[in-house]
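Student: For the protein sequence lines, the chains are A and B, in the order given. Position 69 of the first sequence, counting from 1, maps to 257 under our numbering, and the rest follow consecutively. Position 154 of the second sequence, counting from 1, maps to 342 under our numbering, and the rest follow consecutively.
Honestly, the hints are just simulated from the structure, not real lab data. As the structure is a prediction and not an experimental result, all values here were calculated from the model. Don't take every hint at face value.
Which copy? The list can't say, so a pair holds if one copy fits it or any two copies do.
What the hints assert, rightly or not - Calculated cross-link-like contacts (lysine-lysine; reagent style DSSO-like; alpha-carbon spacing at most 27 Å):
| id | residue 1 | residue 2 |
| --- | --- | --- |
| 1 | K441 | K233 |
| 2 | K386 | K439 |
| 3 | K348 | K386 |
| 4 | K233 | K423 |
| 5 | K337 | K423 |
| 6 | K386 | K441 |
| 7 | K441 | K359 |
| 8 | K348 | K228 |
| 9 | K228 | K337 |
| 10 | K190 | K337 |
| 11 | K233 | K333 |
| 12 | K348 | K209 |
| 13 | K337 | K233 |
| 14 | K463 | K228 |
| 15 | K423 | K439 |
| 16 | K441 | K269 |
| 17 | K463 | K324 |
| 18 | K348 | K441 |
| 19 | K324 | K386 |
| 20 | K386 | K463 |
| 21 | K348 | K190 |
| 22 | K190 | K441 |
| 23 | K261 | K337 |
| 24 | K337 | K348 |
Letter by letter, the chains look like this.
There are 2 protein chains.
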Amino acid sequence: MKVNIIGLGLIGGSFALGIRKAFPDVEILGIDASEAHLHKAAELKLIDDAAEFGEIKEADVVIIAVPVDAAKKVAIEVLDKVGVNTLVFDAGSTKAGLCETIATHPNRRNFLAAHPIAGTEFSGPSAAVEDLFRNKTNIICEVEKTAFKLQERALEIFQKLGMRIRYMDPKSHDRHIAYVSHLSHISSFMLGKTVLEKEQNEKDIFDLAGSGFASTVRLAKSSPAMWTPIFQQNKGNILETLDEYISNLTKFKNLIENDDFEEVFLEMERTNHIKTILNGIN
Amino acid sequence: MKVNIIGLGLIGGSFALGIRKAFPDVEILGIDASEAHLHKAAELKLIDDAAEFGEIKEADVVIIAVPVDAAKKVAIEVLDKVGVNTLVFDAGSTKAGLCETIATHPNRRNFLAAHPIAGTEFSGPSAAVEDLFRNKTNIICEVEKTAFKLQERALEIFQKLGMRIRYMDPKSHDRHIAYVSHLSHISSFMLGKTVLEKEQNEKDIFDLAGSGFASTVRLAKSSPAMWTPIFQQNKGNILETLDEYISNLTKFKNLIENDDFEEVFLEMERTNHIKTILNGIN
Numbered sequence: 189m190k191v192n193i194i195g196l197g198l199i200g201g202s203f204a205l206g207i208r209k210a211f212p213d214v215e216i217l218g219i220d221a222s223e224a225h226l227h228k229a230a231e232l233k234l235i236d237d238a239a240e241f242g243e244i245k246e247a248d249v250v251i252i253a254v255p256v257d258a259a260k261k262v263a264i265e266v267l268d269k270v271g272v273n274t275l276v277f278d279a280g281s282t283k284a285g286l287c288e289t290i291a292t293h294p295n296r297r298n299f300l301a302a303h304p305i306a307g308t309e310f311s312g313p314s315a316a317v318e319d320l321f322r323n324k325t326n327i328i329c330e331v332e333k334t335a336f337k338l339q340e341r342a343l344e345i346f347q348k349l350g351m352r353i354r355y356m357d358p359k360s361h362d363r364h365i366a367y368v369s370h371l372s373h374i375s376s377f378m379l380g381k382t383v384l385e386k387e388q389n390e391k392d393i394f395d396l397a398g399s400g401f402a403s404t405v406r407l408a409k410s411s412p413a414m415w416t417p418i419f420q421q422n423k424g425n426i427l428e429t430l431d432e433y434i435s436n437l438t439k440f441k442n443l444i445e446n447d448d449f450e451e452v453f454l455e456m457e458r459t460n461h462i463k464t465i466l467n468g469i470n
Numbered sequence: 189m190k191v192n193i194i195g196l197g198l199i200g201g202s203f204a205l206g207i208r209k210a211f212p213d214v215e216i217l218g219i220d221a222s223e224a225h226l227h228k229a230a231e232l233k234l235i236d237d238a239a240e241f242g243e244i245k246e247a248d249v250v251i252i253a254v255p256v257d258a259a260k261k262v263a264i265e266v267l268d269k270v271g272v273n274t275l276v277f278d279a280g281s282t283k284a285g286l287c288e289t290i291a292t293h294p295n296r297r298n299f300l301a302a303h304p305i306a307g308t309e310f311s312g313p314s315a316a317v318e319d320l321f322r323n324k325t326n327i328i329c330e331v332e333k334t335a336f337k338l339q340e341r342a343l344e345i346f347q348k349l350g351m352r353i354r355y356m357d358p359k360s361h362d363r364h365i366a367y368v369s370h371l372s373h374i375s376s377f378m379l380g381k382t383v384l385e386k387e388q389n390e391k392d393i394f395d396l397a398g399s400g401f402a403s404t405v406r407l408a409k410s411s412p413a414m415w416t417p418i419f420q421q422n423k424g425n426i427l428e429t430l431d432e433y434i435s436n437l438t439k440f441k442n443l444i445e446n447d448d449f450e451e452v453f454l455e456m457e458r459t460n461h462i463k464t465i466l467n468g469i470n
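The task is simple: from the sequences and hints, build the whole structure.
Tutor: Structure representation (C-alpha cells):
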C-alpha cells in the first residue's frame with residue numbers, strides 16, 4: 189500500500205506511525221510546506237521519503253492533515269490529480285465548508301470527509317503518537333458520496349487504528365463540535381489570557397497553580413495556526429456557543445453578586461451530572 | 189504522635205494516608221458530621237477510631253479539613269479545647285475570613301493557617317490518595333502568629349509529605365488563588381452547563397467529546413458543598429476575575445464576529461506563552 193500524507197504535524201505524523209504499525213509493508217511518502225517538518229518527519233521515520241503533488245496519481249491513500257483553510261485548496265489540488273483508485277481523506281475539525289468546496293468536483297467519489305476526535309495540545313512532527321487514534325471517535329460525513337470500494341479501504345484503515353466510527357452530516361458535525369471542542373479551546377485560551385494579564389504584575393501567581401488549573405488551561409497551548417482557520421470556518425456556530433457560555437458565566441456571576449448561594453450550589457450540583465456522561469473519556 | 193482529623197473527605201483522608209505512611213507509629217482519630225463517612229474512613233483504615241471534640245485536648249495535631257464555612261466554626265470550637273501543645277492546622281482554599289475569625293482567640297498561637305494546593309475532582313473518604321500532597325505547594329499564612337515549636341511540628345509533617353512551602357498574607361492568597369483556582373472551577377462548571385443544556389435536545393453530542401473537552405470540564409465534577417462556601421468567602425476577588433474573564437471572552441467573540449482573524453491568531457499566540465509557565469505542573 190502506498191500512502192501519501194500531506195501535512196506532517198501531530199495528526200499527519202500520528203497517522204504515519206499508526207498506519208506503519210498496522211500495515212508493516214506500507215510505503216509512506218510525505219508532503220509539507222515546511223522543509224524543517226519534512227526533514228524532521230524523515231528523521232523520525234514517520235515517512236520513507238518526501239513526495240511531490242505529481243506523484244499522487246500512484247497513491248492508494250492520500251491523507252490531508254493541514255489546517256482547515258489550506259485543506260480546501262489542497263483537497264481540490266489532490267482531487268485534480270488522483271488516480272481512479274486513489275482514496276483521499278482529510279482529518280479537519282470543520283466539515284461543512286470542505287464538503288461544499290469539493291461537492292461538484294468530478295472526482296468527489298475519491299474523497300472521504302473524516303474528523304478523528306483525537307489530538308493533544310502539542311504540534312509538529314515530533315508530537316506524533318502511534319496510538320493517538322485508538323478508542324477515539326472518527327466522524328465521517330457524507331459517506332454516501334464516496335465510492336464504495338474506497339469507503340471499504342478507509343474503514344479498514346480506521347478499524348486497524350482502533351477508531352469508533354460515527355456518521356453525521358457536515359452541518360450537524362460543525363454545530364455539535366463547536367460545543368464539545370471549539371468552545372473548550374476558546375474558554376481555555378481566554379482563561380490563560382486572564383491569568384497571564386494578572387501575572388504581569390504579580391510574578392509569583394503561577395507558584396500557586398495546581399493540577400486543576402493546568403487541566404483547564406491545557407488547550408491554551410494549542411497551535412494558533414491550526415485553530416484560527418477553524419474558528420473562521422465555523423464562525424456562526426462558535427458565536428452561538430460563545431453567546432451561551434458568556435450568558436451562563438454572567439448569570440453565575442450575578443448569583444454570587446446577589447448572595448444567592450443556594451442557587452450557586454444547585455447550578456453546580458446540576459452540572460455534576462456531567463460525571464456520568466464523561467465516563468470513559470479521559 | 190496523636191493526630192485528630194476533622195473532616196474525612198478527599199483532603200482529610202489523604203492527610204490520614206500520607207501521615208500514616210510517614211509516621212508509622214501515629215494514632216489517627218477522626219471526626220466527621222457524616223456517620224457514613226466515619227464508617228467508610230474506618231473501613232479504609234484512614235482512621236484508627238472515631239473521636240469526640242472532647243478528646244482534642246490530648247491530640248498533638250488537629251487537622252481541620254471541612255468546607256470553608258464550617259471551618260470557621262470548627263476552628264473556634266477546636267481552639268477552645270486545645271491543650272498547650274496541640275497544633276491545629278486547616279487546609280481551606282480561602283484564608284482571609286478564617287484568619288480574621290481566629291485573630292483574637294486566646295489560643296491563636298496553636299493554629300497554623302495552611303492551604304495545600306492539591307486535590308482531584310473527586311470527594312469523600314474513598315477519594316483519598318496517599319501521595320496527594322507530594323510535590324505540591326502548601327501556602328502558609330500569618331506564620332508569625334503560630335507558636336514557634338508548633339510551626340516546627342507542622343513543617344516536619346509537610347516536609348515528610350513532600351510539600352513545597354510558600355508564605356503569604358491571607359489577602360494576597362485569596363486574590364491570587366481566585367485567578368489560578370477559583371476561576372478555573374467556574375469556567376469549567378459553566379462550560380459543562382453550556383454543553384449539557386445543548387445536549388438535552390441532541391443526545392449524541394457527547395459521542396463527539398474528546399480528551400480536550402474532558403480536560404477542560406474535569407473540574408465541573410467537583411463538590412458543590414466544598415465550592416459554594418469558597419465562592420461565598422472569596423466573593424470580591426471572584427467577581428473581579430469573572431469580570432475580566434467575561435470581558436476577554438467578549439473581546440474574542442467580537443474579533444471573530446468582525447472577521448479580525450489576524451488578531452484572533454495573535455491573541456492565541458500570545459497566550460501560548462503559558463506553556464513555559466506551566467512546565468512542571470501536570
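Student: Hint by hint, say whether it matches the structure.
Tutor: Evaluated hints:
In this assembly of identical chains, the alpha carbons of K441 and K233 never lie at most 27 Å apart, being 51 Å within a copy and 41 Å across copies at closest. For the identical chains of this complex, K386 and K439 are neighbours both inside a copy (23 Å) and across copies (17 Å), given an alpha-carbon limit of 27 Å. For the identical chains of this complex, K348 and K386 are neighbours neither inside a copy (47 Å) nor across copies (33 Å), given an alpha-carbon limit of 27 Å. Taking the closest pair of Cα atoms, K233 and K423 never come within 27 Å of each other, the shortest separation being 37 Å inside a single copy and 54 Å across copies.
For a Cα distance limit of 27 Å, the shortest separation of K337 from K423 qualifies neither inside one copy, at 35 Å, nor across copies, at 61 Å. Both within a single protomer and between protomers do K386 and K441 lie at most 27 Å apart by alpha-carbon distance, with minima of 19 Å and 21 Å respectively. In the homo-oligomer, the alpha carbons of K441 and K359 lie at most 27 Å apart only across protomers (21 Å), although the nearest pairing inside one protomer, at 33 Å, exceeds that limit. Taking the closest pair of Cα atoms, K348 and K228 come within 27 Å of each other only inside a single copy of the chain (26 Å); across copies the shortest separation is 44 Å, beyond that limit.
For a Cα distance limit of 27 Å, the shortest separation of K228 from K337 qualifies neither inside one copy, at 34 Å, nor across copies, at 58 Å. For the homomeric pair K190 and K337, the shortest alpha-carbon distance inside one copy (16 Å) is at most 27 Å, but the shortest distance between copies (73 Å) is not. Taking CA atoms no more than 27 Å apart as the test, K233 paired with K333 passes in neither setting, with 34 Å inside one copy and 61 Å between copies. Taking the shortest alpha-carbon separations for K348 and K209, only the intra-copy value of 9 Å comes in at or below 27 Å, while the best inter-copy value is 45 Å.
For a Cα distance limit of 27 Å, the shortest separation of K337 from K233 qualifies neither inside one copy, at 30 Å, nor across copies, at 61 Å. With identical chains, the CA atoms of K463 and K228 are at most 27 Å apart between copies only, with a shortest distance of 22 Å across copies and 40 Å within one. Proximity of K423 to K439 under the C-alpha cut-off of 27 Å is found in both arrangements, the shortest distances being 24 Å within a copy and 15 Å between copies. Taking the shortest Cα distances, K441 and K269 never come within 27 Å of each other, neither inside one copy (55 Å) nor across copies (39 Å).
For the identical chains of this complex, K463 and K324 are neighbours both inside a copy (19 Å) and across copies (25 Å), given an alpha-carbon limit of 27 Å. Taking the shortest Cα distances, K348 and K441 never come within 27 Å of each other, neither inside one copy (48 Å) nor across copies (40 Å). Proximity of K324 to K386 under the C-alpha cut-off of 27 Å is restricted to the inter-copy arrangement: shortest distance 22 Å between copies versus 37 Å within a copy. Taking CA atoms no more than 27 Å apart as the test, K386 paired with K463 passes between copies only; the shortest distance there is 16 Å, against 31 Å inside one copy.
For the homomeric pair K348 and K190, the shortest alpha-carbon distance inside one copy (16 Å) is at most 27 Å, but the shortest distance between copies (57 Å) is not. In this assembly of identical chains, K190 and K441 lie within 27 Å of each other by CA distance neither inside one copy nor across copies; the values are 56 Å within and 43 Å between. In this assembly of identical chains, the alpha carbons of K261 and K337 lie at most 27 Å apart only when taken from the same copy (25 Å versus 71 Å across copies). Taking identical chains as interchangeable, the C-alpha atoms of K337 and K348 lie at most 27 Å apart only when both belong to the same chain, with a minimum of 17 Å there against 63 Å between chains.
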